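Chains as they are written, first to last, in the working numbering: chain A, 3 to 225; chain B, 7 to 303; chain C, 82 to 416.
FYI, nobody ran anything at the bench for these hints, they're computed from the structure. Bear in mind the structure is a predicted one, so any value in this text is a computation, not a measurement. Don't take every hint at face value.
Some chain B residues well away from chain C (every beta-carbon gap over 12 Å; in silico) [unchecked claim]: (1) Asp8; (2) Trp61; (3) Ile68; (4) Arg131; (5) Asn151; (6) Thr152; (7) Ile159; (8) Thr174; (9) Phe176; (10) Leu224.
Listed below are the simulated BS3-like cross-link pairs for lysine-lysine, each with C-alpha atoms no more than 30 Å apart in a straight line [stated by the list, open to error]: (11) C/Lys197 / A/Lys54; (12) C/Lys197 / B/Lys90; (13) A/Lys43 / A/Lys54.
For every residue, glycine included, the Cβ atom is placed at its ideal position computed from N, Cα and C.
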Amino acid sequence: MQNVSLKVEEGETVGLIGPNGSGKSTLFNAISGVHRPDSGKIRLLGKSIAGKSPNSICQMGIGRTFQIVKPFQSLTVYENVLVGAMYGRGFGEKKLEDACSELLKFTGLEGKKDLLPGNLTIGDRRRIELTRALATNPTLLLLDEVMAGLNPVESNQYLELVENIGTRGIAILMIEHVMKVVMAISNRLYVLNFGEVIAEGKPEEVASNKKVISVYLGEETNA
Amino acid sequence: MDILTTAVQAFLNGIFEGSVYAILGLGLTLMFGVMRILNLASGALVISAAFLSYWLLQLLGIDPYLSIPIVLVSFFALGICIAKGVVEVSMSSPQYQIVGTVMVTYGLALLIENIEVIAWKANYRALTPPAYLPTSISIAGVMINTIRLSSLIITVAVAVGFTFLLKTRFGTAMRACTQNREMAGVMGVNYQSISAITFGIAAALGGIAGVLYGLTELVNPYSGMMLTIKGLTVAVLGGLGSFYGALLAGFVLGLAESFGVLFVSAAYKDLIGFVILIVILLLSPGGLSRKEFYTPT
Amino acid sequence: MRSKGIYAHITRRSLVVIAISYAILATMQFFASPSIIAYAMLLLMYVALSQAYNLVSGYVGDLSFGHTAFFGVGAFTVALSEYYGFSHFSPVNVALGGVFAAFLAILIGFPFLRLKGTYFAIGSLALAEVMRIAFLNSDFTLSSRGIYIPIIEPYSRIPYYSAIVGISAAVTIIVYLIINSRLGITFIAIRDDPDVARVMGINVTLYRILSLTMSAFICGVVGGWFAYYNAYVYPNNVFNMTLSFELMVMTFFGGAGTILGPIIGAVIVLFAEEIGRTYILVGYPLILAILIMITFMFMPGGIIGTLTKSTPAVNPFSRLSRSRKGVDLAEHTGS
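With these hints in hand, go ahead and build the complete structure from the sequences.
Below you can see the structure in the form of structure tokens.
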């Protein structure tokens, strides 16, 4: 990755798209502290976070989900979310249990809170991850392809969910391949290719960008 | 003058003992490179080879050096059996884990150890060197123990042989597996077979090391663990992936031990290897591949 | 196995069983034969040790090959304290043993617990051996002569027995409480996926050190008790690789990551050892070796894990399973 410069304003929903292998997940890993960047700056709300450990970055307010869902397999749904609540930014005065219950209601998992992730569908497991990330009370949420592989009904539910999250004031940076989604809810888009930003701007602008079209030609079926 | 002699002696001792460690480390690195497991039974296998040679001598009167080919072949076969029987089984269990395989090899080590204790008691045995060799010869005015010299020669032979092996089709396939297992599979390499054969080779190498070790040291069934840890030290020191690094590291350990005992009492000799291992593990980011050892941050 | 979710009924049932067992054991000392008492004491000791081991290797997932180091430190603390006249026949010594062991854990925790599974395992093995050799050759610890601890006359088993019953019960209760607390959830999260745990804000290394320290304290205390009970402390005895291995087998064969597992494991392994010692004499660890191989080849969940396995996803060792490149978050196809 090189020469990547991007910005997410407070409360914005920003989409990150690009062909396979363009470096999107790598970017996420750099932001969330999994990999240390060789050069450059990463700042959250003005504070530098490059080079910090993943857990401190989380406590500073960045939450994320993973492309391949990784809920904690030996913990129930509720406990998964509780982990996020315990070690994230916290909710101030509010009791963690209340915060978790609220979030589980918000994402629709309340009925399944005592089940183990292994017993649930992939859609539900995605929701566990999402709830867990939300439980860290992030200011910026990194969503990694949460829409992939969902049927239309689930897709729409998720769309609503993500929009609701945005309404709560949480900034979102989402990697997506499902164009319909990312076009619909992003305030702005960045297009990545071979580790470089090749376009940015409002969804309509990017969609008509010649470079972007050529990069995607033949690769994506637009929904 | 005295210091010089001592130093030279220590140097030579280090090189000679190191040669055994070098072969041992090479075997471990091989197994790790291809199968990504640390075989904690390697020391036990080495000692078993020493015992095999011992009994061949005692019961059949076979010269230890002549027993090497026998050991080579039988341990190659044994290695393949272990790879197929034990390692593959544990790797294919529904909840596969690499650490579990380590446990299995540890169990195997104790299994071998204890079977030998039951069979042959825990007495120390010595592999008597053949009578036709003079005990020591004089080279450039320094007395050199011929047996130890022979182990160096044999180690060099092994290293040379290994270099040729790497150039063969099999060797290339092996190297492919150490780099990237999946890619190798795509290229038509049968990972299972290569693994098994590699294990066999590593075991055979351990066999040679065993005979050489038996010729110079007293062995008993419990000596295995100590050797395993020393082997691990060598493998880790050599970079856990670099074959020549392992060979070099073997000599380094030998030298460290032989010079070390000049400063601390002989009882602590084995300790030196352990301490080196711990130190390397702790200092890893510097010398060795960071990703292999550490989880991020 | 915790008291939440689908394992609730199992854990509570096992608690009842455990409680009853302890009650029986506690009263046994007044009427059972000396050999049974001796056996029971050993059992209780191993139960406590295995539970402590379980904390580190079963629940957090750090495979330790050198736990005997903590036991030995505890034993030697008592022995040296007695020998050098620091304090006599005092539970303070035993507690101090735990403290020193915990100290050791913290000391080695920072550098060692950053290592990945297999390397931590080897490192701990090397460390335990280093300690054994060091203690064996140091005059301060009376080298290979071992330290004798005088016994109070008249000799009675009761104080030693009651002590170990108490210690063992306390350990089980403590471990149970930990596991069902938020700390327990943290440990399990770390075991299941330390990389994800980190991203969720958990300072993984800190918690690993915490669990190792707690485990070390327990082992140190038991080691101290052992010093008094055995009245003789010798490096090859208390810094013994076989002891580490026994704990491993008991925990994993019984079922790592469960409350009942180490207990069942301890019972079975001790029994197997007895049989082994009778018929095979030297070389009885053979049985341990076979058990551990069977466990990891065919039933990694141990007895309890295999019996209560409801879904394949409930895997006590998912944390320990590493693909060749480890759990690498960047290893996605695409993006």
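Taking the hints in turn, this is what the structure says about them:
1. Asp8: holds, 27 Å
2. Trp61: holds, 18 Å
3. Ile68: Non-interface label stands for B/Ile68: nearest chain C Cβ at 27 Å, farther than 12 Å.
4. Arg131: holds, 16 Å
5. Asn151: At roughly 27 Å from the nearest Cβ of chain C, B/Asn151 sits farther out than 12 Å, so the non-interface label holds.
6. Thr152: B/Thr152 is indeed farther than 12 Å from all Cβ atoms of chain C, at 31 Å.
7. Ile159: holds, 31 Å
8. Thr174: At about 24 Å from chain C, B/Thr174 clears the 12 Å cut-off, so the statement holds.
9. Phe176: holds, 21 Å
10. Leu224: holds, 18 Å
11. C/Lys197 / A/Lys54: holds, 20 Å
12. C/Lys197 / B/Lys90: Status holds; Cα separation ~26 Å.
13. A/Lys43 / A/Lys54: holds, 12 Å
Of the numbered hints listed earlier, not one is contradicted by the structure.
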